[in-house]
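A.B. asks: Here are the chains, one letter per residue:
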Amino acid sequence: MSAVEVRGVTRRFGDVVALDDVSLEVGHGELVGMLGPNGAGKSTLLSLVSGQRRPDAGVVRLDGRDPRDASARTVLGLTPQETGLPATLRVREVVDFVAGHYPDPVPTDELLEQFGLADLGRRQTGSLSGGQKRRLAVAMSLVGRPSVVLLDEPTTGLDVSGRTALWDAIRDYHANGGTVLLTSHYLEEVQELAERVVVIDQGKLLADDSLETVLSRVGVRRVQLTDASGTRQEHLVPDSDAFVRDLVASGVEFRDLEIRGASLEEAFGQLVNHETPEGAVR
Amino acid sequence: MSTTAQPRTRSHTQTQPFLTLSWLHLRYQFLETVRIPIAVLGNVLFPSLSMFFFVVPQTTVAGNPLFATTAVAGLALFAVCSASLFTYGLGVAEDRQLPFYPFLRSLPTGPGPQMVARVLNGGIFSLFGVLPLILIGWLFTAASVTPGQLLAGIGTILVASVPFVLLGMAIGYALSAKAALPVVQIILFPLAFAGGLFLPPQMFPGWLDAISQATPTRAGRDLLVQATTGAEAYALALPVLAGWTLLFVVLAIVAYRNDEGRRFR
Chain A
1 MSAVEVRGVT RRFGDVVALD DVSLEVGHGE LVGMLGPNGA GKSTLLSLVS GQRRPDAGVV
61 RLDGRDPRDA SARTVLGLTP QETGLPATLR VREVVDFVAG HYPDPVPTDE LLEQFGLADL
121 GRRQTGSLSG GQKRRLAVAM SLVGRPSVVL LDEPTTGLDV SGRTALWDAI RDYHANGGTV
181 LLTSHYLEEV QELAERVVVI DQGKLLADDS LETVLSRVGV RRVQLTDASG TRQEHLVPDS
241 DAFVRDLVAS GVEFRDLEIR GASLEEAFGQ LVNHETPEGA VR
Chain B
1001 MSTTAQPRTR SHTQTQPFLT LSWLHLRYQF LETVRIPIAV LGNVLFPSLS MFFFVVPQTT
1061 VAGNPLFATT AVAGLALFAV CSASLFTYGL GVAEDRQLPF YPFLRSLPTG PGPQMVARVL
1121 NGGIFSLFGV LPLILIGWLF TAASVTPGQL LAGIGTILVA SVPFVLLGMA IGYALSAKAA
1181 LPVVQIILFP LAFAGGLFLP PQMFPGWLDA ISQATPTRAG RDLLVQATTG AEAYALALPV
1241 LAGWTLLFVV LAIVAYRNDE GRRFR
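The listed protein sequences derive, respectively, from chains A and B.
In this text, residue positions in the first sequence follow the numbering used here: the first is 1, and each later residue adds one.
In this text, residue positions in the second sequence follow the numbering used here: the first is 1001, and each later residue adds one.
I should point out that these hints are in silico values taken from the structure, not numbers from a laboratory.
It should be emphasised that the depicted structure is a prediction, and the values quoted were computed from it without experimental measurement.
Be a bit skeptical, because a hint or two may be false.
Label pairs and their computed distance ranges (CB to CB) [as the list claims (entries may be wrong)]:
| # | chain 1 | residue 1 | chain 2 | residue 2 | range |
| --- | --- | --- | --- | --- | --- |
| 1 | B | Val1254 | A | Ala57 | 49 to 59 Å |
| 2 | A | Ala57 | B | Lys1178 | 24 to 34 Å |
| 3 | A | Gly261 | B | Pro1099 | 33 to 43 Å |
| 4 | B | Leu1236 | A | Arg12 | 38 to 48 Å |
| 5 | B | Ile1124 | A | Pro103 | 52 to 62 Å |
| 6 | A | Gly64 | B | Phe1189 | 48 to 58 Å |
Positions of the beta carbon are idealized from the N, C-alpha and C atoms, including for glycine.
Same shape as in the complex, but just chain B (with noise of 0.2 Å):
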């Protein structure tokens, strides 16, 4: 062997700049989720199958165009909540777990540029998940947007699932994969149904639509009903959406710190 791998003389440094280890490991975690066929898939299925299963047989919803594009986005923002909440809540809990996660952890690099990757790279599997739905509800129902309210529903809709990679990450970080799956499955529903991505809020009684209103999943839902239909959200989607943002963004640092790594040996 020639001597090629020779110790710096210098001394110490500054870590790499965050936006240059935010793209490495952002790279790193696309390519690792995207070699795993079965994982993207499950994303891209899922919210179709329902939309062929809820929403394309329905006459009276998939007939109607303000009534198709909601529950187009609806079921978008939960492909978006479900990719977010299992691949974070998961993937981060099952990823602390293997050997190489303790060498990740001791790279020249703090958790920023890490959970950076992480949002973005669950913002590129959403839209994955997303754009079979707007196929789908272009060719099979009356929904239908202009490309501006398609590009306005994007945005939104990545927007909306920052404060659900967020949880997820503080769940994956926080709890053993094992005990991830159930809590996950656990805040994913009831959110999901509360926040009207499922059955649409109209229907709610008074009292349910007041606990609606202050979920991330009905700010998101409205914000993207807004963005796509032109159907103003309630005044306080943004802030409320924001809010949670904020306290997940808390709650994934928290966690961040005090896991220490799973022992080993």
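Okay, chain A solo, but in the shape it has when bound (with noise of 0.2 Å):
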């Protein structure tokens, strides 16, 4: 039985295909990365993993039972978003209400001491800056102890040392037999702790590979070089030898060269608009 399993699903707004027969399975103790622009259906598809809205076709399972029902969704955890905390609650109530939800939940206390939160149980959480929100939404998802937590862009807005505070957390969650499935705009969270890569655009799986074959099955290089007017040029390619053996017969000036695989970032950017030439790509 997967953690959680998505079969088949349509799910229309309208006129609007949000999701287009699509199948995920994820396996206990994985950790997967969503990608995907504005719009492609991550956020659709989350709502349904977690219960809040309904497939208009397929079946969507959490951990082999129907996320609709509340005692399924015992096992789940996930991040507000990080607009949305009632402004006016403080740190230590919004804590204590999602963990009584809970029958273990993470003591209060020790929840705010794991993510640097401890002196601002009494502060409303209008008042929290960008960063502490973020943690903080972060720590409401793993406060029941779930076994599956759907973490829905944790470190947008964060600056680096947060967001590598924060990543620890995520894995080590993970490292501790926990289930991640995350949805986020920064390629270099999802290379950093996805070892699988789901690539979401138009409400249709595009990819649902390792991390490293999504890289290599779109097997774009990037070429940078110097030219004569002292201009740093930089190409994406699908074959670096012939573009360097094309580029040396012409005769052209340049120094500097200097071949590397693409990051995901430009592999998911080549995918995407790849699909959909005219696709909106962050």
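Two chains, two separate frames, one set of hints: put the complex together.
C.D. replies: Printed below as a string of structure tokens:
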């Protein structure tokens, strides 16, 4: 039995097909990163897995059960959107409120301590900085000791040290056997954390494979060089060898040639653009 | 960071007990409402001001214990209807547009505890509106009740508020905040008038009185007047109130079930 199972799921909003016959299985203890431009269907998929919505067609299972059933969600944790925290409530009140839904929650003090929020327990959430809100959001997803966690943009808007700290918490949770499905704008984040990458665009699953395979399948290379006028140029090419041969044969002057494999970001851009020429890539 | 938040290896359990969850949501909702003082003040002020403008200056009403008590009862019920319909009709509709709302719906709890908490929270804030009315009635008019009648009155008004909280929730879950506001207004004032909350129904012509007796406001008012003054309510008052309550329970649950939340992204 998988931690998350999505089978042949279609979800429409009026005329818009948000998800088109999507299937995805996440095994226990996996850490899967989900990538896609805005409006690709990532949030819709998460809302189906967390039981907020019903699919129009297909089956969604959380640990083998229908997530629309409240007791099936006792194994689930997820982050609220950062802007969605109830502004007038205190940090401790919000954490206690979420914790109260679970049979064996992490004691609030310990949790606040772990996420560096111990001194902020009495502050209203509306007065927190963006980074503090993000930490609180991730803390809220983990307070119930869930076996499956859905993280929607967990570190958006954080500085480098804040991001690294949260990454450590997520890795830590995963290392102890937790299942993670995360979406991110930061391809670096997915590259850093995920073992498996799912690319979704216009409601369709474009790729679902290990990080390396997704990178290699796209197979682009990044070639950088400085031309005769001293301008640094960058080319993304499918075959760097042929590119360099042509470059040399053409007799154009250049220096500081550099070739390396594309990052996930570049691979992703290539993949999405490939399918949708006008694709809105971030 | 230390390793505190770890996954539980144990598999599925039941959700927390219904009462635990209801208490949790009641605390949460109460704190959220009370931290915005203007919302509380509005509930307290409107009925009290009406009392000062429409009842206290009229000596024929204010000087007669039965009329004055009846007037306090009518306005008290209006305070409750208004608080319930606005807080829940508009409040729920607004909550649904907040980004925190989808998160709430994904917590391991069904709609029950949240609805129970809404109803209780509505009762608490209705009382905040009713208490000053009782004080004004006691200090500035001839209205009088025995302690027993007062308790019976408070009990009755809490029961009478339930259908209005549920109706408010049905509206809140079915409509957007922009649509909920006029709908609440369109429902509240005719219901309040037809139910005799502003003018005593004894002044109504026969046909209006017949319609009036079918409204939940009239049923609630007459039961409240009976509890506080001893003047007998019409025989169908309790069944009428119970019938509307049942209908609004169904409407509220249907509206909640159909509500798929607002589409985000």
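A.B. asks: Going through the earlier hints one by one, which of them does the structure break, listed in rising order?
C.D. replies: 1, 5
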